[in-house]
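Visitor: Based on the provided sequences and hints, a complete structural model is requested.
Take 1 as the starting number for the first sequence in our numbering and just add one per residue.
Simulated from the structure, these hints should not be mistaken for lab results.
In this text the structure is predicted, and so the values were computed from the model without any measurement.
Heads up, the beta-carbon is just placed ideally off N, CA and C, and yes, glycines get one too.
Any given hint could be a false lead.
Pairwise CB distance ranges, derived in the manner of DEER restraints [unchecked claim]: (1) Glu-244 - Glu-75: 33 to 39 Å; (2) Lys-73 - Trp-158: 35 to 41 Å; (3) Pro-82 - Glu-244: 37 to 43 Å; (4) Glu-25 - Glu-153: 24 to 30 Å; (5) Ala-46 - Ser-161: 24 to 30 Å; (6) Arg-140 - Arg-212: 37 to 43 Å; (7) Glu-153 - Met-1: 26 to 32 Å; (8) Tyr-205 - Glu-126: 29 to 35 Å; (9) Asp-154 - Pro-87: 31 to 37 Å.
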Amino acid sequence: MKIVTFNINGIRARLERLVEYLAAEKPDIVCLQELKAGDDALPADAFEEAGYAGVWHGQKGFNGVAILAKGTKPELRRKGLPGDPDPDQSRYIEAEVDGLVVASIYLPNGNPIGTAKFAYKLEWMEKLRLHAADLLAAERPTVLAGDYNVIPEDRDTWSRSAMKDDALFQPESQQAFRRLVAQGWTDALRLFHPDEKRLYTFWDYQRGAWQRDAGFRIDHLLCSPQVADRLTGANVDKWARGEEKASDHAPTWIGLAD
DNA sequence: ATGGTTGAAGATCAA
Numbered sequence: 001m002k003i004v005t006f007n008i009n010g011i012r013a014r015l016e017r018l019v020e021y022l023a024a025e026k027p028d029i030v031c032l033q034e035l036k037a038g039d040d041a042l043p044a045d046a047f048e049e050a051g052y053a054g055v056w057h058g059q060k061g062f063n064g065v066a067i068l069a070k071g072t073k074p075e076l077r078r079k080g081l082p083g084d085p086d087p088d089q090s091r092y093i094e095a096e097v098d099g100l101v102v103a104s105i106y107l108p109n110g111n112p113i114g115t116a117k118f119a120y121k122l123e124w125m126e127k128l129r130l131h132a133a134d135l136l137a138a139e140r141p142t143v144l145a146g147d148y149n150v151i152p153e154d155r156d157t158w159s160r161s162a163m164k165d166d167a168l169f170q171p172e173s174q175q176a177f178r179r180l181v182a183q184g185w186t187d188a189l190r191l192f193h194p195d196e197k198r199l200y201t202f203w204d205y206q207r208g209a210w211q212r213d214a215g216f217r218i219d220h221l222l223c224s225p226q227v228a229d230r231l232t233g234a235n236v237d238k239w240a241r242g243e244e245k246a247s248d249h250a251p252t253w254i255g256l257a258d
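Guide: Following this line, the structure appears as structure tokens:
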């Protein structure tokens, strides 16, 4: 079973790319972020034609998350986090699908640092941590997939100096991420690529970042022990980032034994 | 210090 997280950067601008990706890789579950469209503007028919049904939490213009599944409709568990710092921002959706609990997460970017946006990021991470603890306590197979907007370690970026003032690379952001993982989650990508120097999931549109491989790793799939036991692989479908009109993120995935 | 790019909205902002 293949489970993907993919920051699509505008579902309407990217629909053709997504449909191509689904046809090529045939993932069983796809967590999408940055739909940048309200629920009424989402191309549900196109998802269906591609063989997928989904649940979503859209937002006009910004944010927006979804969970799609092949041949089965995910069963919605919740939209938004408990105690969500700003319920108007659609950044979290959780569903049950194929016997798994799956969340699609679009964690706040937090730039620029030293502003309310960075404080909001940290507050959001705290609410996520509290909810994640409840999910772990349920001892069910659970995947927290999404764009965390956190570069976990130095080796997860092409340049430490370029990122030193970026919210994604601040010690506070990294500490909050570590604190979440330390509850008992497995960072599946790093598990399967312990020595990979250029394990990236995002390349900026600017300054030829893709051509220079100036990327960083911010899309993560955190697995509960019940999922970690079933992991067969994890990787980044980098080919999708090289397509015309690609998202600035590449689809990132885990494989699970049935 | 600045600018480079993209999407969606709307004459900028968020990333």
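Visitor: Now tell me if each hint is right for this structure.
Guide: Results for each hint:
1. The hinted window of 33 to 39 Å between Glu-244 and Glu-75 holds, with their beta carbons roughly 36 Å apart.
2. With their beta carbons about 39 Å apart, Lys-73 and Trp-158 fall inside the hinted range of 35 to 41 Å.
3. Checking the proposed 37 to 43 Å range against Pro-82 and Glu-244 shows it holds: the Cβ atoms sit about 41 Å from each other.
4. Separation of Glu-25 from Glu-153 is about 27 Å and conforms to the stated range, judged on CB atoms against 24 to 30 Å.
5. The hinted window of 24 to 30 Å between Ala-46 and Ser-161 is violated, with their beta carbons roughly 42 Å apart.
6. Separated by about 42 Å at the C-beta atoms, Arg-140 and Arg-212 satisfy the suggested range of 37 to 43 Å.
7. Range check, Glu-153 to Met-1: about 28 Å between beta-carbon atoms, so the 26 to 32 Å window is met.
8. A C-beta distance of roughly 31 Å is found between Tyr-205 and Glu-126, which places it inside the suggested range of 29 to 35 Å.
9. Under the hint 31 to 37 Å, the C-beta atoms of Asp-154 and Pro-87, about 35 Å apart, fit the expected range.
Checked against the numbered hints given earlier, this structure breaks only hint 5.
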